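> Read off the chains here:
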Amino acid sequence: MTNEKILYLGLGIFGIVGPMLFPNYTLQIAMLWIMVLMASTWDITGGQMGYNSLGNITFFGVGMYVCAAIQVSMFYDLAEYTASYGAIKPVFTESQYFIGLILGIVAGGVVCVGLSLLLGLAVFGLRGPYFAIGTLGVAVAMREIVTTMDTVGGGAGISMPFLPLPIEYRSLFFYVLCFLLAVAAHFTIRWMFSTQFGLAANAIRDDEDKAEAMGIPTLRYKQFGWAVAAFYMGCIGAVFGNMSGYIEPQNIAFPLPTFGIFMVAMALLGGKGTLWGPVIGAIAFHIVKETTWTYLLDWQYIVLGLVLIVNIVYFQQGIMGWLKSMYPEKFGIVVDKSTNVSKGDA
Amino acid sequence: MSENIIEVNNVSKAFGGVKANVDISMVVERGSITGIIGPNGCGKSTLFNSIVGYHPIDSGSILFEGNEISHLVVGDIARLGMLRTFQQTRIYGEMDCVDNMQISVSHRPGSQATMFASRRGEIRERAEQLLEFVGLYSKRNLISGDLSFGQQKLLEFAMALMNEPKVLLLDEPTAGINPTLINGLIDRLRRANEELGITLCVIEHNMRVIMNLASDIYCLSNGKMLASGKPEDLQNDPRVIDAYLGGH
Numbered sequence: 001m002t003n004e005k006i007l008y009l010g011l012g013i014f015g016i017v018g019p020m021l022f023p024n025y026t027l028q029i030a031m032l033w034i035m036v037l038m039a040s041t042w043d044i045t046g047g048q049m050g051y052n053s054l055g056n057i058t059f060f061g062v063g064m065y066v067c068a069a070i071q072v073s074m075f076y077d078l079a080e081y082t083a084s085y086g087a088i089k090p091v092f093t094e095s096q097y098f099i100g101l102i103l104g105i106v107a108g109g110v111v112c113v114g115l116s117l118l119l120g121l122a123v124f125g126l127r128g129p130y131f132a133i134g135t136l137g138v139a140v141a142m143r144e145i146v147t148t149m150d151t152v153g154g155g156a157g158i159s160m161p162f163l164p165l166p167i168e169y170r171s172l173f174f175y176v177l178c179f180l181l182a183v184a185a186h187f188t189i190r191w192m193f194s195t196q197f198g199l200a201a202n203a204i205r206d207d208e209d210k211a212e213a214m215g216i217p218t219l220r221y222k223q224f225g226w227a228v229a230a231f232y233m234g235c236i237g238a239v240f241g242n243m244s245g246y247i248e249p250q251n252i253a254f255p256l257p258t259f260g261i262f263m264v265a266m267a268l269l270g271g272k273g274t275l276w277g278p279v280i281g282a283i284a285f286h287i288v289k290e291t292t293w294t295y296l297l298d299w300q301y302i303v304l305g306l307v308l309i310v311n312i313v314y315f316q317q318g319i320m321g322w323l324k325s326m327y328p329e330k331f332g333i334v335v336d337k338s339t340n341v342s343k344g345d346a
Numbered sequence: 001m002s003e004n005i006i007e008v009n010n011v012s013k014a015f016g017g018v019k020a021n022v023d024i025s026m027v028v029e030r031g032s033i034t035g036i037i038g039p040n041g042c043g044k045s046t047l048f049n050s051i052v053g054y055h056p057i058d059s060g061s062i063l064f065e066g067n068e069i070s071h072l073v074v075g076d077i078a079r080l081g082m083l084r085t086f087q088q089t090r091i092y093g094e095m096d097c098v099d100n101m102q103i104s105v106s107h108r109p110g111s112q113a114t115m116f117a118s119r120r121g122e123i124r125e126r127a128e129q130l131l132e133f134v135g136l137y138s139k140r141n142l143i144s145g146d147l148s149f150g151q152q153k154l155l156e157f158a159m160a161l162m163n164e165p166k167v168l169l170l171d172e173p174t175a176g177i178n179p180t181l182i183n184g185l186i187d188r189l190r191r192a193n194e195e196l197g198i199t200l201c202v203i204e205h206n207m208r209v210i211m212n213l214a215s216d217i218y219c220l221s222n223g224k225m226l227a228s229g230k231p232e233d234l235q236n237d238p239r240v241i242d243a244y245l246g247g248h
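Protein chains in written order, with the numbering used here: chain R, 1 to 346; chain A, 1 to 248.
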């Protein structure tokens, strides 16, 4: 059995059995899958294409708000609902709730795809640090725009409809959604990068001007990669909004200083530009984060900062990159052992 | 064999006060090997960059297969079937040689490069055949950035062939290549021209190479077209000798 199969088996078993064994931690494990999804989708452009976006959190928030707006406005007047600051206690029947939720999640993803294609036209003209700052600007702008939109509650946010199931199933219900989305995202990315798309992405990372000179329509590849990330970020944002029960722009929908940065940190920790790096990085990061939050409260950000600094200064290749350089043969990388490299057989 | 695949008419290009190209005209016949020579800084690479759309030209026109292309950008021109290699070799340094080859398939309309095409099968076979053709087969699984400079040049040439271009513009293909490999490279350039039917346009400083290879040669000097003709004519042209072949 290969290492990868062991990983799949282990994570699969944990994903299914975890919430049964540790029912009190169900939402914590759900957060873990959300972070795996965030890091993995960030890596499509960030790691594989060399376009380090700091704005992918935009799609998380937009997906969340689109979903909420659809869930509410299908059966109530959205503006009236939000203006009441939760005073209207709407009752959603089971079918109303689930139809609204499913439509909302899908629409959250689809709207984000459209948004990413549009934004991509502008920001993919930027490179390197300019792209990072440009996308960060997009996220900040989106957060401020939503904060001023009264229809969706502005800074006060929206109280989400209640899940019409017995309360003890609530965590498990959202857990399943998070897990399924993370699995779907993982296998989408896995498939994408097993095709010519993966090579084009890496070519753009290594030398975009050369790729362009070879006729690769680089903008289309970048847009597509970002759109896939946007889709899953939109969907997971929609689920997260319902999971938290209440959404507002500053800390829940567009959490720039936390998840906006965490997703990048996780991918870097695990090793960017690899399929498993973001997954492993997210797991490691989540463990460090939860441990420090539990045992080192008040010091948690200092510990996380230290991890980040050590990672960026001394450990840039990340866990997967380090494993690759230690055991290249296990990753199918061939190292030329002959010392006389200039002697070709031409 | 008299059809012109590239026609450059009165092209000028200046960078600020530096007139890199002044009123340049030249043609490349379909199926030919055309050479461009001239001293360093005479505007050869600028001319190349103008032809492939790397920068807009100030005046003049450039026709590819009879169509004006001077307003198009690099990617569009590459997808029409005109490729260039770089003087400073450019490959995808963190990918292995086969991957470098596979992603170099043509992106022209109707070609086999769709976004999610399989990496196995026909594409891979052709990639390996071409690596064999340039003599890099035994290195095919190495990370290309670890190859020597000369090998990277060969890889870049093979990548260009993978793309099946109609015209290939080569910027100093033999610069930095071990002299013992140069004959092999000339042979491969000629075979690419004859067997694969690729029109070549070559910038070259190595006189032995270009005089052997090219059927027509253009000589630039100080951004202007100094002389053109058959290799033997140019070799005896006093202006060319004075400007380039060692008047000083």
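What the hints contain is simulated information worked out from the structure, not anything from laboratory work.
As the structure is a computational prediction, the values presented were derived from the model and not from experiment.
Don't be surprised by glycine CBs; every beta carbon is placed ideally from N, CA and C.
Any given hint might turn out to be false.
Across the chosen pairs, the derived CB separations fall in these ranges [as the list claims (entries may be wrong)]: (1) R:G128 / A:S25: 32 to 42 Å; (2) A:G31 / R:E4: 49 to 59 Å; (3) A:S138 / R:T294: 47 to 57 Å; (4) A:D76 / R:L117: 15 to 25 Å.
Some chain R residues well away from chain A (every beta-carbon gap over 10 Å; in silico) [as the list claims (entries may be wrong)]: (5) A79; (6) M192; (7) P217.
> Of the numbered hints stated previously, which ones are contradicted by the structure, given in increasing order?
6, 7
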